[in-house]
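Colleague: Sequence:
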Amino acid sequence: MTRRTAACACGQLSLSCEGEPLRVSICHCLACKRRTGSAFSYQVRYPEAAVTVRGRHSDFAKAGDSGNVARFGFCPQCGSTVFWRPDALPGIVLVAAGAFADPEFPPPPQVSVYGDRRHAWVAVPAGCEELE
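In the working numbering, each number is its position in the sequence shown, counted from 1, plus 1.
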């Protein structure tokens with residue numbers, strides 16, 4: 002079975018993710034833009050049972066544009082957000098795609114959400130399901 006490792010910038014916090022992701026998505030909501038400091042967030046969804054967290058992390062709970070709360074796990078040393086658990090999706094862990102630091106993984110997103118808040122210059126990959 003495939004095992005991939007995601008980590009924070011300093012390497013103190015890491016996740017081991019087993020198997021293939023349930024979903025790969027991008028989000029254009031304002032909360033994700035603020036959290037990432039970018040035009041959108043890019044995340045990989047795994048079942049919680051497939052994810053092992055190593056190292057210390059601090060949690061930050063934040064309601065997104067939908068009003069749903071997510072609990073973000075970030076490194077207390079370097080501040081990188083590596084994963085989060087949305088209350089609306091029990092048993093699911095989302096991992097910041099860039100934390101894998103692997104140009105071959107993950108594949109392009111399958112789903113794009115909050116398209117009404119997408120920057121006009123952002124092109125969604127062909128075949129990606131777009132949800133408003």
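There may be inaccurate statements among the hints.
Derived CB-CB ranges, DEER-like [what the hints assert, rightly or not]:
1) F106 / C11: 19 to 27 Å
2) R118 / A62: 34 to 42 Å
3) S59 / G128: 34 to 42 Å
The set of hints was computed from the structure by calculation and includes no laboratory data.
From a predicted model like this one, the values you see are computed outputs, not experimental measurements.
Ideal placement from N, C-alpha and C gives every residue a C-beta, glycine not left out.
Colleague: Now, for every hint given, state plainly whether the structure supports it.
Modeller: So, going through the hints one by one against the coordinates:
1. F106 / C11: 19 to 27 Å: holds (21 Å)
2. R118 / A62: 34 to 42 Å: violated (22 Å)
3. S59 / G128: 34 to 42 Å: Because 37 Å falls inside the window, the suggested range holds.
Hint 2 from the list above is the single one not met by this structure.
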